[in-house]
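Undergrad: As a plain string of letters, each chain reads:
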Amino acid sequence: MRIAILALALMAGGQSLVACQSSDVSRELGARCDLNSECDERCLTPSTDWPGGFCTITCDSDADCPSDAACINEETSAVCAYTCFTDPGCQFLGAGYKCSERDHHGATAGKVFVCRGG
Amino acid sequence: MSRRLSALAIMLAATGVASADEPATPPTDATPTPTPAPDTTPPVTAPTPTTPPAAATTTTTETTSASPEVHSTVAPPDMSDQGMGASVGIVTGGRDTPGGLKIAGHYLYQLSDQDWFDGVAAFTFGGGDAACFRDRMDNFLCDHGLADGNAVEVAANVRRFLGGKGDFWPFLRAGVGLAIVRFGDDDVTGLAIPLHLGGGIRVSVAPAVAVTAHVDLEVGLARFNHTLGLEPQLGASIAAGAEFKL
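Chains as they are written, first to last, in the working numbering: chain A, 6 to 123; chain B, 681 to 926.
Just so you know, these hints were derived from the structure itself, not from any lab. Note that the structure is a prediction, hence the values are computed from the model and not measured. Please note: incorrect hints may appear among the correct ones.
As the list claims (entries may be wrong) - So, partial list: chain B residues that the calculated Cβ filter (under 10 angstroms) puts toward chain A:
#1 807
#2 809
#3 811
#4 812
#5 813
#6 814
#7 815
#8 817
#9 818
#10 821
#11 823
#12 840
What the hints assert, rightly or not - Now the stretches of chain A that chain B is said to cover, found in silico as 3 or more residues with beta-carbon under 8 angstroms:
#13 70-80
#14 97-106
Note that beta-carbon positions come from the ideal geometry of N, C-alpha and C, so glycine has one too.
Given the sequences, and given the hints that come with them, work out the whole structure.
TA: If you want it as structure tokens, here you go:
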């Protein structure tokens, strides 16, 4: 019994150690991409607006996005993008990204700051 | 090795009794060390003419006639030289380690009084969708869940019994495996070398049948395709099974 508890404790410790290596981005939001198949739902292909490509999900409101993202209007649809306050807050996405004001989709506030290229 | 030692011990005991009964036997250097010369051996046997030799003889004959009973102190008495078994359980993975339902076949072969080789062929069946992606530094990463992926593994383990009571025999188990790991939705395949360390309990339920339950910690490395490269493997499993004498 003690051995089982020890094994599970080691397992939990090891998993948390591995978890520390995980990325800030995911297939759902923020991963680099060239194709939709590289993302959970949709790839905004590499461009000056989305340097390196950007995995995202379509949305109707902020409630459809992860907690650190907002729903913005992007061309013909609405997608989730990371919210920010200043340009350094977008550095984790790499070169070309800055904090810019966009139309907030499905919200009364009208505008929101998100990480985006261009 | 220790099997030979036990056999040697039995032989020595037998020769010791024989030398007590027959002082002229050649291996006088084995047991009667205090006897300086063959002439002094009759006085040694003389004071104990009836009772001690009789008791010694009976105990010796018991041990020699029932040699498997020597094993009963360190391993289940119903364990035979060879056995086969099957087990089913769950294994937790995560990230690049597969997890899910684990079905395994076991082949047991006696190595010593308390150690058995435990050869395992195991299949892990997990689920999960694609979970690999490129991070912003363009590193290919996977973030699979606890029960994602599939694996086929062969492993060589050693099971050591720790001494038990009645039908219940706890054991430790350690070994190394070779596995093919696959996350189909990501088209990610790897070759893993996991080390196993765990323990369990064996319970005899019939003369030739026992049930087992065991937990294992799996730690290792795997080499994957794409640009994933070398990744750690970390998992834990819990399983129950049955084994039979061959």
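Undergrad: Each hint needs a verdict: does it hold in this structure or not?
TA: Hint by hint, here is what the structure shows:
no., hint, in the structure
1, 807, "16 angstroms, violated"
2, 809, "8 angstroms, holds"
3, 811, "7 angstroms, holds"
4, 812, "8 angstroms, holds"
5, 813, "4 angstroms, holds"
6, 814, "4 angstroms, holds"
7, 815, "4 angstroms, holds"
8, 817, "8 angstroms, holds"
9, 818, "6 angstroms, holds"
10, 821, "6 angstroms, holds"
11, 823, "6 angstroms, holds"
12, 840, "12 angstroms, violated"
13, 70-80, "violated (count 0)"
14, 97-106, "holds (count 3)"
Against the hints set out earlier in the document, violations occur for numbers 1, 12, 13.
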